[in-house]
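Novice: My numbering numbers the first residue of the sequence shown as 7 and each following residue consecutively.
Don't read these hints as lab results, they were simulated from the structure.
Now the in silico label distances, taken between C-beta atoms and shown as ranges:
1. Gly45 / Leu107: 35 to 41 Å
2. Leu51 / Gly103: 27 to 33 Å
3. Asp92 / Leu113: 22 to 28 Å
4. Glu93 / Lys122: 18 to 24 Å
Backbone N, C-alpha and C fix where the C-beta goes; we use that ideal spot for every residue, glycine too.
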Amino acid sequence: MCLISINISQQVFAMFLYDSRSGSNPLSTIQVSRRHELGLAAARLAAEAIAQDMGESYQLDCEWANEDETELRFRGSGVQGLLTLDEDSLHLEVHLGLMLLPVRSVLEQEILDYVKHRLPCPKSV
Numbered sequence: 007m008c009l010i011s012i013n014i015s016q017q018v019f020a021m022f023l024y025d026s027r028s029g030s031n032p033l034s035t036i037q038v039s040r041r042h043e044l045g046l047a048a049a050r051l052a053a054e055a056i057a058q059d060m061g062e063s064y065q066l067d068c069e070w071a072n073e074d075e076t077e078l079r080f081r082g083s084g085v086q087g088l089l090t091l092d093e094d095s096l097h098l099e100v101h102l103g104l105m106l107l108p109v110r111s112v113l114e115q116e117i118l119d120y121v122k123h124r125l126p127c128p129k130s131v
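Please work from the sequences and hints to get the whole structure.
Specialist: Set out below in structure tokens:
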């Protein structure tokens, strides 16, 4: 069994609300966490492959945000985000612009499917 968690912390009516204190609309954020058994070095290679693929497919600019190469930032037209790696997990946070909100659920499903196929899960005991 593979564990993928999605953090959705808003209600339907939040789509029409904007919280000026937080500076963002939670509906515009997709968060995905996934455990892996790759180790940090192999997870970096997987993240670079994902970044290259996403860069080509969706015209995203990707770059490592720190010297440890554990935070990969990406930005494109109407989207920006951060992929964070550690020894046994991957955390992805994607912020969508206003024009992409109507297709949020489609993008979220594409992200989940992509991560599921590109990052092996831990084996169950």
